[in-house]
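S.K.: Protein chains in written order, with this note's numbering: chain Y, 1 to 280; chain E, 1 to 414.
Just so you know, these hints were derived from the structure itself, not from any lab. Errors might be hidden in some of the hints.
[What the hints assert, rightly or not] Under 10 Å between C-beta atoms, here's a sample of chain E residues computed to sit facing chain Y:
hint, residue
1, LEU13
2, GLY22
3, LEU24
4, ARG26
5, LEU28
6, LEU308
7, ILE311
8, ARG315
9, ARG316
10, GLN317
11, ASN413
[Claimed, not checked] So these bits of chain Y aren't anywhere near chain E, every CB distance computed over 12 Å:
hint, residue
12, SER8
13, ARG47
14, LEU142
15, ARG146
16, PRO168
[What the hints assert, rightly or not] Some, not all, of what chain Y presents toward chain E, calculated at C-beta under 10 Å:
hint, residue
17, ASN33
18, GLU37
19, PHE41
20, SER67
21, ARG89
22, ASN101
23, LEU102
24, LYS266
All C-beta atoms, glycine included, are put in the ideal place defined by N, C-alpha and C.
Next come the chains, spelled out residue by residue.
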Amino acid sequence: MLDQTPTSIIKARDLHKCYWVGTMPFPALHGINLDIEPGEFTVLAGRSGSGKSTLLNLIGALESADSGSIEVLGENILAMNQDQRTRFRLQNIGFVFQAYNLIRVFSARENVAYVCQLQGKGKKESMEIANHWLGEVEIGHLGYRRPDQLSGGQQQRVAVARALASEPKIILADEPTANLDSMTGRHLIHLMQDLNRRLGTTFLISSHDPDVKQAAGRLIKLADGQIVDAWDSIPKPPISLASACPVGNLPLTERLRNYFREMRNKVRNKKRHGNTRRHS
Amino acid sequence: MSRSITALNSTILAVALRNLFGHLRRTLLTVGAIAVGLASLIFLWGFNEGLHRNMLGNFQNAIIGAVQIHHQGFFQHPELSRAIRNPERIVAGLEQAGVSRYSRRLETFGLAASDSTTQGVMLIGMDPTRERLVTELPKRIGIGHFLQPGDEYQLILGATTANNLQVRLGDEVVIIGYDRYGAMVAESFTLAGIITSGEMGLDSGMAITSLSTLQEMVDLPDQVTTFVINVEEKRIPSLVDQLDHSLQNESLEIMPWYSMFPVMKEWETLHNGFLYLFIGVVIFIVLAGELNTMLLSMLERTREFGVLMAIGASRRQVAMMLLAEAMSIGVIGIVSGILLGYVIILVTAEIGIDLSILLGSTSRFYVDPLIYPHLKLDHLGVTIGAILLASLLAGIYPAWRASLLQPVEAIRNG
Chain Y
1 MLDQTPTSII
11 KARDLHKCYW
21 VGTMPFPALH
31 GINLDIEPGE
41 FTVLAGRSGS
51 GKSTLLNLIG
61 ALESADSGSI
71 EVLGENILAM
81 NQDQRTRFRL
91 QNIGFVFQAY
101 NLIRVFSARE
111 NVAYVCQLQG
121 KGKKESMEIA
131 NHWLGEVEIG
141 HLGYRRPDQL
151 SGGQQQRVAV
161 ARALASEPKI
171 ILADEPTANL
181 DSMTGRHLIH
191 LMQDLNRRLG
201 TTFLISSHDP
211 DVKQAAGRLI
221 KLADGQIVDA
231 WDSIPKPPIS
241 LASACPVGNL
251 PLTERLRNYF
261 REMRNKVRNK
271 KRHGNTRRHS
Chain E
1 MSRSITALNS
11 TILAVALRNL
21 FGHLRRTLLT
31 VGAIAVGLAS
41 LIFLWGFNEG
51 LHRNMLGNFQ
61 NAIIGAVQIH
71 HQGFFQHPEL
81 SRAIRNPERI
91 VAGLEQAGVS
101 RYSRRLETFG
111 LAASDSTTQG
121 VMLIGMDPTR
131 ERLVTELPKR
141 IGIGHFLQPG
151 DEYQLILGAT
161 TANNLQVRLG
171 DEVVIIGYDR
181 YGAMVAESFT
191 LAGIITSGEM
201 GLDSGMAITS
211 LSTLQEMVDL
221 PDQVTTFVIN
231 VEEKRIPSLV
241 DQLDHSLQNE
251 SLEIMPWYSM
261 FPVMKEWETL
271 HNGFLYLFIG
281 VVIFIVLAGE
291 LNTMLLSMLE
301 RTREFGVLMA
311 IGASRRQVAM
321 MLLAEAMSIG
331 VIGIVSGILL
341 GYVIILVTAE
351 IGIDLSILLG
361 STSRFYVDPL
371 IYPHLKLDHL
381 GVTIGAILLA
391 SLLAGIYPAW
401 RASLLQPVEA
411 IRNG
């Protein structure tokens, strides 16, 4: 049973995540504990490689943690299978990506409406919802344009409208201003702040943009995969790489490769010892 | 809910179609390859069918007809003792079955003798009027004329036989044979016509006279050995069944042309078999081409699929998107291929394909040098079905690969 904080919409406890490049381990998150309240406008700040995107991906049920637990809206998302996670994302979480990631063959309106159609809504209703949310992000007049006919800022607004269209409780935005100029980025953040205030949707944004950090209702600082109180505080290092990245989490192919390598070494050692005995 | 599922499916199809039009050149190349492949197959089927119809039509029209009726065992042992004793019952049976194009024949063996030599022949007595309804033999008389009603002791010989006997039009030819009692008979005939068809089976070994003359010669008044019937190919099996049933007490053998000469049918089957092999090759090419296109499309859109999965599209929906794209390419290619193929068939069926330059002696195989392609719908159906299947197969692997994508990996690496 998780340590219950009744009002938390997101609860993470002792979260660990390690990536493997071949047999090389890269600890991305190390013992994260986090509580987010409903309606918060939270910014995850940190340098590149600090684990911001990994934490967002885990909370968004896009990836699995190596250990620890995450509850989102009271659901233990690590216990869900792929399809359950997909449904959970569709109903509860909206995503805004750094590179907008709109479907290029759809108009802005169709991009937004598509999420509603995935939820099972009819085409007409989906289009009406799309029009509403495009209006909310102040580009209702550009709904007919395709992504390549929109500026970066306009595309990111479409992405925000798409994230909101499924009426999620939580919006996760991964570096939403990174590809925008500072003025457009500021506009976008103000828009998200405004939506957060008016709709009460919880926003969790990862960014190292000073403007975004300034706008944060709550700032969570990440360094080397850990939450720190201040940028100058040194994160507590893992005892060892082996403790941060247990071999049990090594991908199957690498485990097999290691197994065969060990077998080969054993056979070689046996041969060598056999030869030595004969000589003696 | 079902309406919303339909709406989602139509959106999936819309994504597929828009992606196809978004890469117009690539789509056109793939669609063009399918269309040209299908059009080639349609033309080959049409040509093949035209050739078969021509060959088998000529074969039947030359002398054997579509169906023959004999007394039981006559086909294997053509003896006068196996003559049909009651031809009127067969006539009644044929008329009941709605068959109007039939003719009677009396067939036996004999020896044709001229002043200089003799040659064994198959002696056929034909009804000069009705024979025109079942075969085109009269058209193949190159010298002289075919038998006329009332002709007595007039003879038609093939060119090779006439040449071997060294006889000309108007010469006397003596035919020696046996009557129904086994007694030797000999009669003198006048050569009235010579068949110059170029076909081996017709130009040698046959001597044709009028039915009444031969009946008189072998002393079998009003009796025949063979009924020859001409009906459309597709009606043959049902007619044989019908006649088998209605004439079951008459001790007859009712034989379609392919039972009498199975080698011709086998040749047709073998020829079609080669075409099926060719279809296999074309379909493999279509499959490889379309698979290449679909894999490219999948790899290009890896990020898009990752995003779709992240925002809530299921793996099945992502896979359906690629399958819809593959099937759309297939359908567009097939429609274009059918149009192109049909135009080719229509044009060539109108003007014919002249093979005389390629094949100097095709008439030896009952083939006219001018072939008119003809497309059968079942051949078209098989080909379209196979190409659709190939399109589906071309979509399955990329769709499966796409459905296994992990959203984060796909967005990061796409």
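S.K.: So, for every hint listed, does it hold in this structure?
M.R.: To see whether the hints hold, each was checked on the structure:
With a cut of 10 Å, the hint placing LEU13 (chain E) at the interface with chain Y is violated, because the nearest CB-to-CB distance is about 12 Å. About 5 Å separates the beta-carbon of GLY22 (chain E) from the nearest beta-carbon of chain Y, less than 10 Å, and the hint is met. For LEU24 (chain E), the suggested interface contact is broken, since its CB lies about 12 Å from the closest CB of chain Y, more than 10 Å. Given the 10 Å rule on beta carbons, the hint for ARG26 (chain E) is violated: about 14 Å separates it from the nearest Cβ of chain Y.
A cut of 10 Å between beta carbons decides the hint on LEU28 (chain E): the least distance to chain Y is about 17 Å, and the hint is violated. Interface hint status for LEU308 (chain E): upheld, as the beta-carbon distance to the closest one in chain Y is roughly 7 Å, under 10 Å. The interface hint given for ILE311 (chain E) is met, as the beta carbon of that residue sits about 6 Å from the closest beta carbon of chain Y, less than 10 Å. The interface hint given for ARG315 (chain E) holds, since its Cβ lies 7 Å from the closest Cβ of chain Y, which is under the 10 Å cut-off.
A hinted interface residue such as ARG316 (chain E) counts as satisfied when its beta carbon comes closer than 10 Å to some beta carbon of chain Y; here the least separation is about 9 Å, so the hint holds. At a threshold of 10 Å, the smallest CB-CB gap from GLN317 (chain E) to chain Y is about 7 Å, leaving the interface hint in force. The closest approach between the C-beta of ASN413 (chain E) and any C-beta of chain Y is roughly 13 Å, which is over the 10 Å cut-off, so the hint fails. For SER8 (chain Y), the condition that its CB be more than 12 Å from all CB atoms of chain E holds, with the nearest at approximately 23 Å.
Residue-level check passed: ARG47 (chain Y) sits 18 Å from the nearest beta carbon of chain E, beyond 12 Å. Its beta-carbon lying about 19 Å from the closest one in chain E, LEU142 (chain Y) satisfies the requirement of being farther than 12 Å from that chain. Its beta-carbon lying about 10 Å from the closest one in chain E, ARG146 (chain Y) breaks the requirement of being farther than 12 Å from that chain. With 12 Å as the threshold on Cβ separation, the claim that PRO168 (chain Y) sits away from chain E is violated: the shortest Cβ distance comes to roughly 10 Å.
Because the beta carbon of ASN33 (chain Y) sits about 22 Å from the nearest beta carbon in chain E, more than 10 Å, this interface hint is broken. Nearest Cβ of chain E to the Cβ of GLU37 (chain Y): about 24 Å, over the 10 Å cut. The hint is violated. Restraint check, PHE41 (chain Y) versus chain E: the minimum CB separation of about 21 Å is more than 10 Å; hint violated. For the restraint placing SER67 (chain Y) at the interface with chain E, the shortest Cβ-Cβ distance is roughly 18 Å, beyond the 10 Å limit, so the hint is violated.
For ARG89 (chain Y), the interface hint holds, the least distance from its beta-carbon to any beta-carbon of chain E being 5 Å, beneath 10 Å. Taking 10 Å as the C-beta contact cut-off toward chain E, the hint placing ASN101 (chain Y) at the interface holds, the least distance being around 4 Å. A cut of 10 Å between beta carbons decides the hint on LEU102 (chain Y): the least distance to chain E is about 8 Å, and the hint holds. A distance limit of 10 Å between C-beta atoms decides the matter here; for LYS266 (chain Y) the minimum to chain E is near 35 Å, and the interface restraint is violated.
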